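Taking the hints into account, I'd like the entire structure generated from these sequences.
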Amino acid sequence: MTALAQFVNAFSTGKIRVVDLTQTLSPEFPGISLPPEMGQAWPFRIEEVSRYDERGPAWYWNNFSCGEHTGTHFDAPVHWISGKDLPNNATDSIPPERFIGPAFVLDCSKEAARDADFLLTKEFILEWEAQHARIAPKSWVLMRTDWSKRRDPVAYQNYDEEGQHTPGPDVEAVKFLVGERDVLGFGTESIGTDAGQAYHLRPPYPCHYYMHGAGRYGLQCLTNLDQLPPTGAVVIAAPLKIRNGSGSPLRVLALVND
Amino acid sequence: MERPKRKNPVLRTRLPTLPPAARSRVALGLTAAAALGRFELQQCRDCGTVQYPPREACQKCLSILLDWKPQRETGELLAQTVLHHSNDLFFRERLPWRLGLVKLDCGPTLVSHLHGEIQDAPAKVRIRTMLDRAGQAVIVALPDKENADMADDRQLREFTCDPKHRKVLVTDGKTALGQALVKALAKAQCELIWVGHAEPWKKFAGFDELEKIPQVTLVALDVTDSKNVRELAAEIAGKVDIVVNNAEYHRSFGIANRQGVETARAEMDVNYFGLLRLAQDFGPAMRSRGADGRSSAVAWVNLLSIYALANFPPHGTFSASKAAAHSLAQCLRAEMRPAGVRVVNVFPGPIDDEWNQLLPPPKIAPAALAKAIVGALREGIEDVYPGDVAQEWLARWRDNPKALERELSA
Chain A
64 MTALAQFVNA FSTGKIRVVD LTQTLSPEFP GISLPPEMGQ AWPFRIEEVS
114 RYDERGPAWY WNNFSCGEHT GTHFDAPVHW ISGKDLPNNA TDSIPPERFI
164 GPAFVLDCSK EAARDADFLL TKEFILEWEA QHARIAPKSW VLMRTDWSKR
214 RDPVAYQNYD EEGQHTPGPD VEAVKFLVGE RDVLGFGTES IGTDAGQAYH
264 LRPPYPCHYY MHGAGRYGLQ CLTNLDQLPP TGAVVIAAPL KIRNGSGSPL
314 RVLALVND
Chain B
787 MERPKRKNPV LRTRLPTLPP AARSRVALGL TAAAALGRFE LQQCRDCGTV
837 QYPPREACQK CLSILLDWKP QRETGELLAQ TVLHHSNDLF FRERLPWRLG
887 LVKLDCGPTL VSHLHGEIQD APAKVRIRTM LDRAGQAVIV ALPDKENADM
937 ADDRQLREFT CDPKHRKVLV TDGKTALGQA LVKALAKAQC ELIWVGHAEP
987 WKKFAGFDEL EKIPQVTLVA LDVTDSKNVR ELAAEIAGKV DIVVNNAEYH
1037 RSFGIANRQG VETARAEMDV NYFGLLRLAQ DFGPAMRSRG ADGRSSAVAW
1087 VNLLSIYALA NFPPHGTFSA SKAAAHSLAQ CLRAEMRPAG VRVVNVFPGP
1137 IDDEWNQLLP PPKIAPAALA KAIVGALREG IEDVYPGDVA QEWLARWRDN
1187 PKALERELSA
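Chains as they are written, first to last, in my numbering: chain A, 64 to 321; chain B, 787 to 1196.
Source of the hints: derived by calculation from the structure; they are not laboratory data.
Since the structure is predicted, the reported quantities are computational estimates derived from the model, not experimental observations.
Virtual Cβ for every residue (Gly too), placed ideally from N, Cα, C.
Hints are supplied without guarantee of correctness; some may be wrong.
Stated by the list, open to error - Example chain A residues on the side facing chain B (calculated, C-beta under 7 angstroms, incomplete):
#1 102
#2 220
#3 222
#4 226
Okay, structure coming up:
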């Protein structure tokens, strides 16, 4: 039996379960906020073209618009200044085999519940590895915070006078994952791969800076990470093939052994 | 005026009717002045005679050189009558109706609508031209002396858009102007004020203060989101008597000092398409309530800009979006008029806000602009040019639009 035949067999007999890690694209789902004088990403918007009516009698369809970084989305290396000159750094040029990879899910939900500004550290990762397994090369590291359970946009965005407060990795953790674990990328449940206050880290937005600088990827606004085992899941995350795209909304699926 | 009783919700809402609307082209001169809140009559350039009704040639010397000139707003009531019967559909539903013959201090004698507090003739009166529900100018006589409850007069309320006891939607409560508007409307005794705010996860300065105003209900409203506008309209449009669309997107760029189209597109999306979305979703329900008792649907206010008349190149793309909104507001005006709902366009000069930071004064203060908007509703004015800068631009534009274009691009 070929590997794929084994896979199909496992799939059809219910031994492999699909977990949807994607938030629904809608105008209500919170988007990224930048200072108002800067260029702004389009939020997700949808306009009806026709709905079995005088605009098109037998069919229903919409036009939608959004920025590349809307909803559950993929960040390509070219998104950041540090990754701008790398080969194969955009959504159309990334080798497609990178869109499927194993996932290591680090449960930080207790820590994030206690502290919205929680920073994932190298020590935390080493301790996690001691309990579970060493993070394998070419894997997604997904930071589970249960942030996606904050259905209220106010709580999800979590702004105060000093800006956004959401968890993310610290500088050393990112450097460790890139340099010593050779990961495929880093994924989060909040609105960025970096913490809400990561502008104040050195360098600012370290996950963007080091991951993309090393040709690695980002996934953000993920959900259902609580349905994944710490190890053993496989993530399928293929962005739209936008020419020289810096990222794209996408459907992220995880395959889990049941 | 007591708060009108709530309408029995199972009774039919009467369809709006309009007073007689036909006017000759020359008579529209009266409407043009009334739209600005001015009282102007034709005056003969040769012999100085003031004319009424509007005409092609001087009634005294037959000169055709008749100019629209501001006139003294005073006169004397010679005789009055009360109409108890009319074949006109509009007046039939509003009887009895008080009319009188007024001798103007500037010359002509004319038939005028009479405010209820005017004493029987002979009596000193003040004269206004006001727009009626058909959008045409009519002559209205007011009592000689101003008093606080004057606006409550049943007949006068047919000509104004007084927010008192009405329900208002202010589309953006985040800006200083939005907050000043809400306060001014609350002071004008609105019954309810829905206040929109986009991106509700970002709490804005002044939020707590707004929430404390008893009439205020804050609602999530982003005019770039069709679904949001449609759903809010489904919820409240059947109750909204006045829309004040003050949502605007303003960045200070011309063509050459900003790459790309994204900022200009965002301006169009809020300033132009935002109005279109609101008009499509709130317009129909308001049109059906144009004659819904003493607190009917009555007005739609658009925050435009004096830059809608002529482009101000340092704010070039913003000017263009406001010109587009102005054009669309004229379409809205035509579509709302059959229901007697007035579209009020406001053309301020630079507002003293974040996006005019680098413009030197004079800039209109948000509170002054809010006061002008509420004042226009109470006075029944349709085109509002609030403040010195707007007035000066208007005068220059009326005098010579080409000259203004050159002056603004200097």
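Results for each hint:
Of the supplied interface hints, the one on residue 102 of chain A holds, with its beta-carbon coming within about 6 angstroms of a beta-carbon of chain B, less than 7 angstroms. Interface restraint check: residue 220 of chain A against chain B, minimum CB-CB distance 4 angstroms, threshold 7 angstroms, status holds. About 6 angstroms separates the beta-carbon of residue 222 of chain A from the nearest beta-carbon of chain B, less than 7 angstroms, and the hint is met. For residue 226 of chain A, the suggested interface contact is broken, since its CB lies about 10 angstroms from the closest CB of chain B, more than 7 angstroms.
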